[in-house]
Amino acid sequence: MESFSPLPAAIGGSLIGLAAAVLWLGNGRIAGISGIFGQLLPPAQTVVWRVVFLLALVGAAFGTARLFPAIGMGGDVPASLVEAPAAWSIPTPAWLAVAGLLTGLGTKIGNGCTSGHGVCGIARLSRRSFVAVGVFFGVAMLTVFVTGVV
Amino acid sequence: MPHLRAPYIATAAASGALFGAGLYVSQMVDAQKVLRFLDVSAIPSGGWDPSLAFVIVPAILVMFLAVQWSKRRQAPLFDSVFHQPEYDKVDMRLIGGAVLFGMGWGMAGICPGPAIALMAFGPENLAIFIITMLIGSYSGSMLIPSGHARRLADAR
Chain L
1 MESFSPLPAA IGGSLIGLAA AVLWLGNGRI AGISGIFGQL LPPAQTVVWR VVFLLALVGA
61 AFGTARLFPA IGMGGDVPAS LVEAPAAWSI PTPAWLAVAG LLTGLGTKIG NGCTSGHGVC
121 GIARLSRRSF VAVGVFFGVA MLTVFVTGVV
Chain P
1 MPHLRAPYIA TAAASGALFG AGLYVSQMVD AQKVLRFLDV SAIPSGGWDP SLAFVIVPAI
61 LVMFLAVQWS KRRQAPLFDS VFHQPEYDKV DMRLIGGAVL FGMGWGMAGI CPGPAIALMA
121 FGPENLAIFI ITMLIGSYSG SMLIPSGHAR RLADAR
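Residue numbers (my numbering), protein chains in the order written: chain L, 1 to 150; chain P, 1 to 156.
Here chain L stands alone, though its shape is the one from the complex:
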């Protein structure tokens, strides 16, 4: 349990909720990252706000890490992603490519990810989102168990 961090988690979570609230009350849009990201390519129509949103997201992650090194990750920025589990004898880049494909395809077909379904959908009490969240959390836990990636 040494890595359990409830306070930064709750502060960060509230900021994410506030982000979703601002986009909903201001522009009437769901702050679902897979949707905002996935609709950058044609036949996309409203690209400008999506690009601005994503640039601000990256910029704020960068700025927060620099300005407030004492909170969150303590100034430590993630230097690496996961490694492919040794038992699978798959190069890490290939492992991440498969994970990326599944993430992009799944969130497109299922219409949302952790933010769109997990935060916004549950908050809207959407039946679809309750089902999606139950399924992708369950499958993700099972995948971690089966692949031994931790």
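Simulated from the structure, these hints should not be mistaken for laboratory data. Watch out, some of these pointers could steer you wrong.
[Stated by the list, open to error] Simulated crosslink set (SDA-like; lysine to any residue; CA at most 20 Å straight-line):
1. LYS71(P) - MET92(P)
2. LYS89(P) - GLY134(L)
3. LYS71(P) - HIS83(P)
4. LYS89(P) - PHE130(L)
5. LYS71(P) - TYR87(P)
6. LYS89(P) - LEU143(P)
7. LYS71(P) - LEU25(L)
8. LYS89(P) - ILE122(L)
9. LYS71(P) - PHE82(P)
10. LYS89(P) - ARG127(L)
11. LYS71(P) - LEU142(L)
12. LYS71(P) - GLU86(P)
13. LYS71(P) - VAL81(P)
14. LYS71(P) - VAL90(P)
15. LYS71(P) - ARG127(L)
16. LYS71(P) - ASP88(P)
17. LYS71(P) - LEU61(P)
18. LYS71(P) - GLY134(L)
19. LYS89(P) - LEU125(L)
20. LYS71(P) - ILE122(L)
21. LYS89(P) - ILE144(P)
22. LYS89(P) - VAL131(L)
Starting from the structure of chain L, add chain P where the hints point.
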């Protein structure tokens, strides 16, 4: 075209910035930390990290309040309509998509939000994940042409 007016764009920027700050502060940009939440087999040994639950619950609560408040309004501040998803049927596309996404999330420990936020830190191999995520998303939209219109048609 409300989408190009300054307040609309400024709102998108403010929301994106809050989101990025939240992802960093909550440490959800750390794939290992997310995986330590998903690794429920570590519960008996005490190695499980429940932090992710402490992120998503307050996020849902804040958004829930905003949604309740929005119900008393005709429209958002800077557009003429709340873009509420109209389709509400639980179907195989929803479940199949959630299964595929769950597999990808369990393999890498990063979902789309953290993947984008990590561009600020440039960890090795991130570009591979982002490009394949975009390819996957684009392939999905080929499989399901004009997703929203077609699903709406199906619903009738």
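List in ascending order the numbers of the hints, as given earlier, that are violated by the structure. 1, 11, 14, 18
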